[in-house]
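Asker: As a plain string of letters, each chain reads:
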Amino acid sequence: MAAVPRPANRNTRSPESTLRVLSFVFITVMIVIPMIVILQDAFREGFNEFWHQVTLPVAVSAIVLTLWTSALMTAINAVMGLATAFVLVRYDFPGKSILNAIIDLPLAIPTLVTGVMLVILFGPQQTLGALLEQQLGFQVIFAPPGIILALLFITFPFVVRTIQPVLLELDQAQEHAAATLGARGWTIFRRVIFPALALPTLSGSLLSFARAVGEFGAVVIVAGNIPFKSQTAAVYVLGAVESENRLAASAISVVLITISLAVILFTNRMLARRNRS
Amino acid sequence: MTIQKVDALRKKDGCWGPRRNGERFIVLTVIAYVAFLVIAPISALVGGALQKGIPSFTGALSTPELWQSFLLSFEIALGVIAIQGILGTITAWVIVRHNFRGKSLYNGIIDIPFAISPVVVGYMLLLIFGRNGILNPVLQVFDFQVAFAVPGIFLATLFVSLPFMIREMIPVIQNLDRSQELAASTLGASRWTTFWRVIFPGLRTALFYGIALTMARAMGEFGAVLVIGGGVQGRTATTTLYIFHALEERQYVEAYTAAILLGLGSVLIVSLADWIRRRSQH
Amino acid sequence: MKQMIGKVLFAIVLSVLLAGCAANQPIDSGSSGDIHLILAAYTTPREAYGEIIPLFQAMWQEEHGQTVTFEESYQGSGAQSRAVVEGFEADVVALSLEADVTRILDAGLITHDWKSVGANGMVSDSVVALAVRPGNPLGIDDWDDLGDEGVEVLTPNPATSGGAMWNVLGLYGAALRGQVAGVPGDDPDAAREFLKSVLANVLVMDDSARDSITNFEQGIGHVAITYENEVLVGQQAGLDYELVIPRSTILIENPVAVVDEYVDEHGTREVAEALVEFLFTTEAQEIFAKYGLRSVDPDVAAATSDQYPPVPDLFTIEYFGGWPQAREDIFGESGVFNVAIQEVQGQ
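Protein chains in written order, with the working numbering: chain A, 1 to 277; chain B, 1 to 282; chain C, 1 to 347.
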């Protein structure tokens, strides 16, 4: 996600309109038309039928599960991502470059594999998994915590990599001034450092939220997929598609798209407003 | 974001190892978190691939179906890169250099594929190209198959990887030095020459990086390909679908081996591009 | 400027054309005399077809001098059926339940009376049964044990898996028939309560029957509701679990059919019909029996009755009034299953 770039020179030459046309056609064909198609299909039988599908208890349950697991995951990711970025930029310790390299690994692993790995490692059949469930008192794999774990893995790089460059460029003069005035570490962080990082943390978090809401590959393996209990919206859509329930598939897809779109537009707006000030 | 760059910057300000207990705690927590979340599962994957010993692992590596599916994933990724490289760059150009009403919405639309569920992507394509799809009559006339054939997988992959190239190119185009372009056109260079000789060299590195990201994303796509694709071995089975079916066939070593291959390949491509990018900055 | 645009457009069109051409190799049989046949099947009989197909190929080569190459796809029956309807050009379909073939028929792709072939169009049978851990530590011997506290059950998702539908019908049917201890017969409410108690114990709902059993093999769950066939095949593969057949269960009948639209398009009708015919021969039926499927051939069935003991109370889909009725009553939006699962989660 990014703010809208403003060209310095507003006089664009007209031969470039061909480029614009090409771009418009590309984006329209690739994105806009499919969106319209699915929107039209969802409302094929009128708004009432659409609403009926969206308010079906099993659909609502799936959407709610998707939203709260993604939200909780985002909160954890924000905190740990911030901590990780901070540690990578400000501290020196053995193994730091390895840590830095590992951060990007989740982006390279196909999501299907992520799910499989988590089941291998934390599934109830393994000692580690069984131990974990005993200690924690609740089920991890095939239950919402497993979903959160998978989502955390997949979106881990997002927050870290959004914060890192900003932290790097931060002018430490203010921090030193604060320290001279007697403030200690936590206060310095809270009053001086964090305000500068608030925006990248938020945008990175929102990015991971939007990504998490639609996640399928990892979730379908690691969640229980039990309706009302551990079935996310994406998995519900798959079930609808496979049982020829087109209305349900289209309707819930539209809901998912709306959520993602809203988050993205909000973030872009926020970044744009920041850039203007 | 490389560690060398981080350290180079820091040594200017004066770095420190975590001295106070609070700082040590944070560092340890982060390390523990990464170990638990990232390292442990990947180790389990490697362990799974080697569970029946090295000969089984190397045997899995030489399975023809694996390479068949890898080839398909690769070919599709190449096609996607070709289109994204050209049209994606053009779109990035238009966003940076042009001004028009609704530009911020346009900018936001581009991020949609990033956040949409892959299942929805596959389903959208089915609505258009499936048997009951809108374009099906047209397809019938040309006897052209999209759903459950490679074109369908191609389109799905193209869709999900759309934002990567564009997002990479935008900042670079923004930072271009326009005085050189101006100078070139004042000296009588044609648009094409200006582009090829003056603009393109500045974009090259970002282009490579965008290609690498697109490739990694394209080869790793699963959900959309599952819904639109069919997974028929030798015809429409990408590497991810191969892994999926291998798991179903109880061929665990083959599945994990393919997964490692895919993951390693992606990591290598992105690292290579990153290395090229760093080199060009010196 | 025009030059540049021209080059760009050319490059784009070229890549798209290349991609399209490379992808769209004609599937129909060439003049070289080779026939290419596409089989779309569900997950369970994978191993059986692995042996039957080479036999068929050899037979055809001998009788007609033609080589038949096969492309096989194995996935969940519902998913497979959907794929065929949406454009997967399978010549022959071998699915888990009749309803999935009916879907293809309704889409206009099958135009002949497929049920007139062989034994009512059904090429193999199985029964819904239970897979338990070696030694059966929890002492599970019938349906009623699945409702007990603390028992972890695996069964796939009915929306995507034909197998899951058979499972639910077997369970619910047995309860309705008064064959489950503690559940009065002919009492839909009591039967539904029992279904709920089992659903409450379900740990994971997988995509397909095969996924479900492989999960079980990984050590997940205490008991898996599955096909007798899946268990037997798994045992043959060296996996260590036991088979328990409830005293009352449903007979799973697996249909096979030639897909008229595609065989005519590909020019493979003769071979396809021959393949289907071949599946009903003693040779093929024996292979099905070898890989855990009950034969529809009475002689082969009699010969393998040791391996496949008769079930005390065996009922069929007819008990529910056929597939369309069952899908409506049990799996429809307000069907028994959906109501039960809703009530289980306390919604």
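Check before you lean on any hint, since a few could be wrong.
Here are the computed lysine-lysine pairs in the BS3-like style, where the Cα-Cα straight-line distance is at most 30 Å [to be verified]:
# : chain 1 : residue 1 : chain 2 : residue 2
1 : C       : Lys-290   : C       : Lys-115
2 : B       : Lys-52    : C       : Lys-196
3 : A       : Lys-229   : C       : Lys-290
Cβ pair distances, simulated, as ranges [said to hold, decoys possible]:
#  : chain 1 : residue 1 : chain 2 : residue 2 : range
4  : A       : Arg-273   : B       : Phe-144   : 42 to 48 Å
5  : A       : Gly-185   : B       : Ser-190   : 56 to 62 Å
6  : A       : Asp-92    : B       : Leu-268   : 49 to 55 Å
7  : C       : Glu-261   : B       : Glu-65    : 35 to 41 Å
8  : B       : Trp-275   : C       : Gly-335   : 54 to 60 Å
9  : C       : Glu-333   : A       : Ile-36    : 23 to 29 Å
10 : B       : Thr-29    : C       : Asp-187   : 38 to 44 Å
11 : C       : Glu-273   : B       : Phe-200   : 58 to 64 Å
12 : C       : Ala-237   : A       : Ala-196   : 55 to 61 Å
13 : B       : Trp-275   : C       : Gln-218   : 35 to 41 Å
14 : B       : Thr-29    : A       : Phe-266   : 37 to 43 Å
15 : C       : Asp-187   : A       : Thr-28    : 41 to 47 Å
16 : B       : Ala-35    : C       : Leu-138   : 33 to 39 Å
17 : A       : Val-21    : C       : Ser-334   : 24 to 30 Å
Everything labelled a hint here was simulated from the structure, so no lab data went into it. For clarity, every value in this text was computed on a predicted model and none was experimentally measured. Glycine included, each C-beta is placed from N, C-alpha and C at the ideal position.
Asker: Confirm or reject each hint.
Answerer: Status of the hints after comparison with the structure:
1. C/Lys-290 <-> C/Lys-115: The given pair, whose Cα atoms are some 25 Å apart, holds under the 30 Å limit.
2. B/Lys-52 <-> C/Lys-196: Given that 30 Å is the threshold and the Cα spacing comes to 41 Å, the pair is violated.
3. A/Lys-229 <-> C/Lys-290: Distance of about 39 Å is beyond 30 Å: violated.
4. A/Arg-273 <-> B/Phe-144: 42 to 48 Å: holds (47 Å)
5. A/Gly-185 <-> B/Ser-190: 56 to 62 Å: holds (60 Å)
6. A/Asp-92 <-> B/Leu-268: 49 to 55 Å: Check failed, 28 Å falls outside 49 to 55 Å.
7. C/Glu-261 <-> B/Glu-65: 35 to 41 Å: For B/Glu-65 against C/Glu-261, whose Cβ atoms are near 29 Å apart, the range 35 to 41 Å is violated.
8. B/Trp-275 <-> C/Gly-335: 54 to 60 Å: holds (58 Å)
9. C/Glu-333 <-> A/Ile-36: 23 to 29 Å: Since the Cβ atoms of C/Glu-333 and A/Ile-36 sit about 27 Å apart, the hinted range of 23 to 29 Å holds.
10. B/Thr-29 <-> C/Asp-187: 38 to 44 Å: With Cβ atoms ~57 Å apart, the hint is violated.
11. C/Glu-273 <-> B/Phe-200: 58 to 64 Å: holds (60 Å)
12. C/Ala-237 <-> A/Ala-196: 55 to 61 Å: At roughly 59 Å between Cβ atoms, A/Ala-196 and C/Ala-237 fall inside 55 to 61 Å, so the hint holds.
13. B/Trp-275 <-> C/Gln-218: 35 to 41 Å: With Cβ atoms ~39 Å apart, the hint holds.
14. B/Thr-29 <-> A/Phe-266: 37 to 43 Å: About 31 Å separates the Cβ atoms of B/Thr-29 and A/Phe-266, which means 37 to 43 Å is violated.
15. C/Asp-187 <-> A/Thr-28: 41 to 47 Å: For C/Asp-187 and A/Thr-28 the Cβ distance comes to about 59 Å; the hint is violated.
16. B/Ala-35 <-> C/Leu-138: 33 to 39 Å: holds (37 Å)
17. A/Val-21 <-> C/Ser-334: 24 to 30 Å: violated (51 Å)
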